[in-house]
Each structure stands twice: as structure tokens, then as C-alpha cells.
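Heads up: the sequence lines are chains E and L, in that order. Residue numbers for the first sequence follow my numbering, so the first one is 1 and each next one is one higher. Residue numbers for the second sequence follow my numbering, so the first one is 1 and each next one is one higher.
FYI, nobody ran anything at the bench for these hints, they're computed from the structure. Each residue gets a CB set at the ideal place from its N, CA and C atoms; glycine is no exception. Honestly, I wouldn't trust all of these hints.
Said to hold, decoys possible - FRET-style restraints, in silico, Cβ to Cβ:
1) Ile-204(L) with Arg-238(E): 23 to 31 Å
2) Glu-151(E) with Met-84(L): 50 to 58 Å
3) Thr-134(E) with Ala-94(L): 37 to 45 Å
4) Ala-94(L) with Ser-28(E): 24 to 32 Å
5) Lys-6(E) with Ser-151(L): 54 to 62 Å
6) Glu-151(E) with Val-59(L): 46 to 54 Å
7) Leu-27(L) with Lys-244(E): 49 to 57 Å
8) Ala-94(L) with Asp-50(E): 25 to 33 Å
9) Ala-94(L) with Ala-150(E): 32 to 40 Å
10) Phe-216(L) with Ile-124(E): 53 to 61 Å
11) Gly-94(E) with His-188(L): 45 to 53 Å
12) Thr-160(L) with Gln-13(E): 48 to 56 Å
13) Asp-15(E) with Leu-186(L): 45 to 53 Å
14) Arg-147(E) with Ile-114(L): 49 to 57 Å
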Amino acid sequence: MDLKLKIWRQASQTDKGQFVDYDVQDISPDTSFLEMIDILNDKLVEKGDDPVAFDHDCREGICGMCSMFINGHPHGPESATTTCQLHMRKFKDGETIVIEPWRARPFPVIKDLIVDRSAFDEIIRAGGYISTSTGGVPDANAVPIRRENAELAMDAAACIGCGACVAACKNASAMLFVSAKISQFALLPQGKVEAKDRVKEMVAKMDELGFGNCTNTYACEAECPKEISITNIARLNRQFIGAKLG
Amino acid sequence: MSNKPYYSSVTKKIIMSLMGLFLVTFLVVHLTLNSFLLFSNDLFNEGAHFMGTNVFIQVFQWVLFAGFAIHIFYGIVLQIQNWMSRPKGYKRRAFMEQSPFSKYMIYTGLLIFIFLIIHLGNFFFVKMGWIGNGVPLTSNGEENMAQLVRSLFQYGGYVTFYVVMFLLMGFHLDHAFQSAFQTLGLNHKTYWGFIKGLSRAYAIVITLGFVIIPLFIYFKIV
Numbered sequence: 001m002d003l004k005l006k007i008w009r010q011a012s013q014t015d016k017g018q019f020v021d022y023d024v025q026d027i028s029p030d031t032s033f034l035e036m037i038d039i040l041n042d043k044l045v046e047k048g049d050d051p052v053a054f055d056h057d058c059r060e061g062i063c064g065m066c067s068m069f070i071n072g073h074p075h076g077p078e079s080a081t082t083t084c085q086l087h088m089r090k091f092k093d094g095e096t097i098v099i100e101p102w103r104a105r106p107f108p109v110i111k112d113l114i115v116d117r118s119a120f121d122e123i124i125r126a127g128g129y130i131s132t133s134t135g136g137v138p139d140a141n142a143v144p145i146r147r148e149n150a151e152l153a154m155d156a157a158a159c160i161g162c163g164a165c166v167a168a169c170k171n172a173s174a175m176l177f178v179s180a181k182i183s184q185f186a187l188l189p190q191g192k193v194e195a196k197d198r199v200k201e202m203v204a205k206m207d208e209l210g211f212g213n214c215t216n217t218y219a220c221e222a223e224c225p226k227e228i229s230i231t232n233i234a235r236l237n238r239q240f241i242g243a244k245l246g
Numbered sequence: 001m002s003n004k005p006y007y008s009s010v011t012k013k014i015i016m017s018l019m020g021l022f023l024v025t026f027l028v029v030h031l032t033l034n035s036f037l038l039f040s041n042d043l044f045n046e047g048a049h050f051m052g053t054n055v056f057i058q059v060f061q062w063v064l065f066a067g068f069a070i071h072i073f074y075g076i077v078l079q080i081q082n083w084m085s086r087p088k089g090y091k092r093r094a095f096m097e098q099s100p101f102s103k104y105m106i107y108t109g110l111l112i113f114i115f116l117i118i119h120l121g122n123f124f125f126v127k128m129g130w131i132g133n134g135v136p137l138t139s140n141g142e143e144n145m146a147q148l149v150r151s152l153f154q155y156g157g158y159v160t161f162y163v164v165m166f167l168l169m170g171f172h173l174d175h176a177f178q179s180a181f182q183t184l185g186l187n188h189k190t191y192w193g194f195i196k197g198l199s200r201a202y203a204i205v206i207t208l209g210f211v212i213i214p215l216f217i218y219f220k221i222v
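So here's chain L without its partners, still in its complex pose:
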């Protein structure tokens, strides 16, 4: 083997899976913060304020963006290589994938990426003052992120779009979580069933968690 540096298929997948697990952790933090909206606007605003001012979080958010970028970049690179590996397809091909959503990862991934851009435009970019009229203020003159979120979730169309996107996210996560463990070599008969179950449970909890918040707000339950 030559000594020229190259990233093997396995290396690329390992990097992608590590970034994926990082994003999996991020989603738990994000959902926890969002869930504050179910209890009180003030609690949510305090959480948002902490996330927006804490130095560690401020640094970490750029690490997070890098994580997204690397995950998406390698996802696209690997997919292009995969398309190239079979120039002529089959006339008849059965559905053989045992992890059903694995077949559509590039498509769910790309749709989630589009959602991410829109989502950043609705909240993060507004908060940063890059677009829009800025975040509305509370009577104390503090940023009222809760009102920003609630005003957006008054639109049925947006809520529908948000819910559909998180269902796609759930499909993506259902495969992704356990797939990352397989890529990292963590598959053994003694615990593989647990990892697959945990993967499905994680996908369901994250999806339901993110979906019920806009629905509860839209139907004025909270």
C-alpha cells in the first residue's frame, strides 16, 4: 500500500458516525430546552438566555455547526461513491434492507438539511439579528424567545411542515442511532438487541417530543 494519505471508506464512516452520535446528544439537549415551553414561558426564556450567553455553549455551538457540516459532507461523499458503484441497476429488486429507513438516508438527510436552514432562519438568525426585526422583548426588556416560537406555531401550515420534518427526522434517527454503533464495531449478540431497541425508542421519543410542542401550542393546550 502506498504511503499517500487517504481516507478509507471505513474511516469516513467512523467519522460520520461519531459526528452523528454528537448530533444525537445535541438533539436531547435541544428537546430538553424546548420542553420548557410546555411548563412556562419564563423557564424557556431563561433556558434560551443561558444557551445564548454561556461561554461554553457559545464555543460549543460552532463545534456543533462543524459537526453538522462534517456529517453532511461525508454523507454526500459516501452516497456519490455508492451511486457510482452500481452504474446499471436491476430490472427487479426486492426490498431487502433489514433496517428499512437505511434505504432513504440521503433523502431524509437532505430534507432535514433544508429544514435546518429554514429553522435557523426562523430562530437562530433572528436571534443573532442577521434577519428580521429581532426577538420580541418581555416587559422587563429581555428577549422573549418563547413569544417568537409561539407566534410561529400559530400558523397551521408551518406546524404541519414542522411535524412532517420531524417524522422524517425520526425515520433518519431510527436507522442512524444503531448504525453508528455497528460502524464503531459495537455489535455483539449480548447487547445488540438492546442497542436496536434503544435506537427505536430514542427515535420515537425525540420525534414525539419535538412534535407535541408545536401541536400543543397550535391547539392552545399550553
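Chain E extracted, bound-state conformation:
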């Protein structure tokens, strides 16, 4: 496959940045998207140019590090898929692919396609944990948990914190991420003790960091590589109302 790439290049956080066009040739359809960028970078290095900086780690779709906005979608056009699991067979030969970093005020661009997502860490630090020691691994049936709640908590915990929800949302809202982190605790007995404080603190931190407001467009759910449900946002709202009313 031959492809034309339009990639956002930005030397540093303070640099203005611009799109730069690249041509890549003879790409196998079975190449992953990140491998395609690797091939481009090898050629750039050979020429003595600065390679394209991008985040990646596990390349197995579970770490949440890859974060490219590809042809108008976070993680590219394939649903429920991270960038590292996206393959070039999803594109057409000769296609022009626009590659951009996540765009959101709380996610400043560090270099090229790498953004600083430590805002998510700050939200977790505000309340996304259980502060009491839960001891060692308990006996499987020691704490009775309704099966449906266990499943929903596990589904929420599947959030890898990649930030695609923020990138997709027209308002750059982090509600899907925050709601997933709240839900994974709120549905389990260990997390219920601090549920009221957790939701208030995490929402306050989310607002303070400058994320936008959720307007229920549901783009986040559609674009989330882990298919986190918007019912988690409704749960956050219920929890928040409950916490505020007493």
C-alpha cells in the first residue's frame, strides 16, 4: 500500500506546530498502524530528520498509551479498537491519512502526537481509590456481591484511561473516564464507604482542570476502544445527586 500522511508536528509545548506531509510506500496491509509509523520513522532517521514522536507501550490494546486522532476519530476508524490494534487493511491504497494529537486544554501537546495526560492522574488522586487497607486477598465468597454488580464493575474497570473519550467529545469532557472510575468502586461493597466523597472530589478536580461539560452527545461511548457505557455517566450523576442531598 502507498499512503499519504498528514501528520501534526510540534517541536515542543510552546512551539506553534504544523501539519507536515509524508509519503510511505510498500506498506503491508497486515502492518499495524504504529508499525507503519515506525517504518516512516526509520526512513526519517536514515535521512537525519527528527522522527515523529508518539505514545505507545504494550501494543496489545490494554495499556491506553497510544493516542492518535486518525482521520477524524480517536484511535482511527475501527470501533472498539486502540491505535496499536488498528491495521492498515482498514485503509485504502493511496488514501490520505490525517494524524493529529488529542485536542483538549487539559491535555497539552508535549511533542508531535504526544499529549500530557497527567490530568487523568490528578483526577484519580482526588478520589479514585479506596483509602482503607482492604487486607490480603479475601476468600472468594467472603464478601457477597451481586453478580450483575460484579459484571458492571468489571466492565467499568476495563477503562484504560487512554483519553479517547475526551478527544472524541466536542466539549472535551472527561465524564466517561471519571464515571468509569467512580462506577468500578461504587458498585462494590469496598468502594461504597467513600462513594459520596469520591464523586464530589473527582468531579471538582475534573472541573478545576478545565475539562468541558458533558452534553450527552454519546460520542465518547461510540469511540471508546473499551466500549465503556454511558450508563456509567448516569450512575455518576445519580451518585452526585445522592452525595449532595446527604
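Given chain E, put chain L in place with the hints provided.
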């Protein structure tokens, strides 16, 4: 967290959704009254007279204005914050919104607000005697609101404007109704499909209801 009072994003949205649901209820009452025009001018005039003299309604109309004001105020505040949250946009962005009209709420909302001002100027302000020559009278000397409405709906341009504005209202309501339930935390797989269906049905019924009245009058069907 500091103890200084602040309205979180979720609080603002909850207030906005409650006001929105209040306005949703108001539209049903308004449409019911308007629909009287399809049956008889006297019935409509009686309804208008009741709305204009009943003490409860008189108090309630100021609550209604407050509801509009709060809904619009928070809508603008939230939108400005949303614009600020992404200073630099994307070069290429797909249409990802799953509730299609959610993308244009601020624009449909602002156009509805302009319509609301014009609408108040055409009817409410005239009735209150603040502008114009007052409401025409019936042979019994009572206010003839039906004639006021019918005389306005003789103008094709105004009818077109009215119809277009209610189509925009329908787009606004299609997203707004179900969105309010989501904001209030009322989303569960067992009934979410019903709420979305109800939202769409409500938007269609309200839009069609308000649109057919001026069209029927203009084309002299009623």
C-alpha cells in the same frame, strides 16, 4: 476540597435539565391551548381568558420566565466553558455524536430564544398592552385572542418563519428530552430505549402540533 461554594459542572447541568423538563411540560400546556383554535375561536378565547386571569397561572408565568432565564443562562455558561476546553480544534473530525442534534443545541437554542422574543412581542406584549393597539375585541367586548392569532397567520412569510422555528424546536427537543433523563441519572438498560423513543415521539408531536395550526389557518382549513 475547599469549602467555598461553587456550582460544579454536574450541578449546573442538573439545574438546566430540571428547568428543561419544566419547559417541556409548559409546551404541552401551550399546545393544548393552541389546539383549541382547530375547533372553535370561542373555545380558544375562553382558554386564553382563563390563562390570562387565573391567579395560579398568573403567578406561574413568572416562574416560567425564571425557568427560561435559568435554562438559557446555564446553557450559555456551559457552552462558553465547552468552547474554552478545546482552544485548538481538529483538522479533520468525523461526525461522532450519537444524538445528532446534540451538536447544535446552542445554535437551535439561540434561534429559539430569538423566536421567543418575537413571539412574546406578537402576543404576550400586545395582550399586556405594552406594544401595539391591544387585543381586538369580540362583539361581547371581550378580548379576541383568536382573531389576533388568525390575523397574524394570514401572512405567508410569518407562517414560514413560525414553521421553520418549530422545526428547529423539534430538533432541540429531540435531544433535550432524553438528555435531561441522562443528566438526572435516569438511564438503565431496562427503560432507556423507552425514554429515547418517548423523546423522539414528544419532539415530533410537539413540532407537528404547533406547525399544523398556522398552516391550517393560512390555507383556510380551519
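Okay, the hints, checked on the actual structure:
1. Ile-204(L) with Arg-238(E): 23 to 31 Å: Given range 23 to 31 Å: holds, Cβ gap about 29 Å.
2. Glu-151(E) with Met-84(L): 50 to 58 Å: 38 Å, violated
3. Thr-134(E) with Ala-94(L): 37 to 45 Å: Since the Cβ atoms of Thr-134(E) and Ala-94(L) sit about 42 Å apart, the hinted range of 37 to 45 Å holds.
4. Ala-94(L) with Ser-28(E): 24 to 32 Å: Once the Cβ atoms are compared, 26 Å apart, the range 24 to 32 Å for Ser-28(E) and Ala-94(L) holds.
5. Lys-6(E) with Ser-151(L): 54 to 62 Å: Given a distance of about 59 Å, which is inside 54 to 62 Å, the answer is holds.
6. Glu-151(E) with Val-59(L): 46 to 54 Å: 50 Å, holds
7. Leu-27(L) with Lys-244(E): 49 to 57 Å: 29 Å, violated
8. Ala-94(L) with Asp-50(E): 25 to 33 Å: 29 Å, holds
9. Ala-94(L) with Ala-150(E): 32 to 40 Å: 35 Å, holds
10. Phe-216(L) with Ile-124(E): 53 to 61 Å: 59 Å, holds
11. Gly-94(E) with His-188(L): 45 to 53 Å: About 47 Å separates the Cβ atoms of Gly-94(E) and His-188(L), which means 45 to 53 Å holds.
12. Thr-160(L) with Gln-13(E): 48 to 56 Å: Since Thr-160(L) and Gln-13(E) have Cβ atoms about 52 Å apart, the given range 48 to 56 Å holds.
13. Asp-15(E) with Leu-186(L): 45 to 53 Å: 46 Å, holds
14. Arg-147(E) with Ile-114(L): 49 to 57 Å: 53 Å, holds
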